[in-house]
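Colleague: Start from chain A and add chain B according to the hints.
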Amino acid sequence: MKHRKNVLVKLSNLALAFSIFLLTGCQQKESENTKLPQLSEVKESGLKKGETLENAIELPPFSDGIFPCSDCHTDLTPNPLKRELVDMHDDISAMFDHDKENRWCTDCHDLINRDYLKLASGKLLDFKESYKLCGQCHGEKLRDWKVGVHGKRTGNWNGKKEYLLCVHCHNPHSPKFKQLTPEPPPIRQEDIN
Amino acid sequence: MKKENSRRSFFKNISLASISALALNGCDPKALKEFLQRNFRTLSKKEKNDIVKNLEVKYKETYGKEFHVSAEPAMEGVLFGYALDLSRCIGCRKCVYACVGENNQSREPQIHWIQVLEMEKEKGIDLAHSNVHYNPEKVPEKGKSYFPVACQQCRNPQCTTVCPVKATWQEPDGIVVVDYNWCIGCRYCMAACPYGARHFNWGQPNVPAEEINTEMHYLGNRPRVKGVVEKCTFCIQRVRVGKYPSCVEICPVGARKFGNLLDSESEIRYILENKRVFVLKQELNTQPKFYYFFGI
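As you go down the protein sequences, you meet chains A and B in turn. Just so you know, our numbering puts 174 at position 174 of the first sequence, and the rest follows in order with no gaps. Just so you know, our numbering puts 160 at position 160 of the second sequence, and the rest follows in order with no gaps.
FYI, nobody ran anything at the bench for these hints, they're computed from the structure. Even glycine gets a Cβ: it sits at the ideal position worked out from N, Cα and C.
Beta-carbon label-pair distances, calculated as ranges:
1) B:C186 <-> A:R188: 21 to 29 angstroms
2) B:G77 <-> A:T154: 20 to 28 angstroms
3) B:D126 <-> A:K178: 21 to 29 angstroms
Computed list of lysine to aspartate or glutamate pairs in DMTMM-like fashion (alpha-carbon distance at most 20 angstroms, straight line):
4) B:K275 <-> A:E140
5) A:K146 <-> B:E265
6) A:K178 <-> B:E137
7) B:K243 <-> A:E162
8) B:K144 <-> A:E183
9) B:K94 <-> A:E183
10) A:K161 <-> B:E265
11) A:K176 <-> B:E137
With the rest of the complex left out, here is chain A (with noise of 0.2 angstroms):
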């Protein structure tokens, strides 16, 4: 009787560890120690350590048709007289407010060469780097600008990054930044069902 009662419970021992078995799973290999990828083979692919980016990639955000201003410009007398403009740029006269009452439009636009902008040097200074021109005054942005601080960057974090210009996002003849329409707020705990 001793004997069967044994046979027995070793019968449901095996049982037991067969289904502990199937549970666990069958294979308990180790786990590889597999060789990860080393941060410098990435950098190679993008900006090189300490190289700082001089352009934005995106072309500036000219109004349709408006670019290049030599287009009507070549065939008008140069007024320099600070005034209210009426028929064309009107809309700029209207929305100028970036110290406006000490400031023209030949402050940063050339007078003669009207395809450029000037910098206060009276060096002339491509749309393309416009960001030049802002940090004449906004020097601490540009500085933050230049290391990534200060707008937005996009790209690789370990890499090319894409830069977007100041005026991107601060029209120039208004640059404070507008107000936007926000996206919905989350549903409220009592409306889930």
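Modeller: Just chain B now, kept in the frame of chain A:
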């Protein structure tokens, strides 16, 4: 304890074993294999690859699209960090919905990994009286400030220590992840997280097939099931291949910054070294890798 070698215990054990065997036989082999899958961290590279390949097939059957599920490991020499410029945030919630789209959060019932809190400027950072349901015509509103909160990716995460099944852990690159196959839905981690950054699938998550992001990571944005916890992973499927998280790329004011804390040339390190930063609930010693700062 005294070993009970009785006829009774034999019948008890044998019936248990046969019930479990029967239950396992009832499933189809694929589901059985998935059920018996071990913890992700203990799997070999080959096993991981087999699993993600099987998932690609499974998701294709469900959604009728081609999927790419990755098991990309952490890069060496990388510790991810995040910084958010509170002086820029305008509370537009674009990040919230970019995150939902990128990471396949359930639309109905709704899950948002990012909460944007609206605060009274006068009161400073006042979490207790903040409002997540603000909905004016236009933002930012006069006198209001906005404070986005998601997972703070703590160096000392409390959510992982309380998990009874080790279904959540911190990866070598600092991202706190969840293995949805191991999560038992006890929600201890949610109780332990002081930031409300973990979210529970109370119902069957629902993502429309036409909106689902097919670029996935096993530890990130792959579809979840009812009864598991999920959280921000810094867009693990993007950042492990060098891209910025999707909230960084959508932010219209450039308030969100991301990079490698171990790279002295990174923008995140520049911020830490040149701006005054703070972490949320510093007194709890969670040591977040998510920093807030005022850029102005």
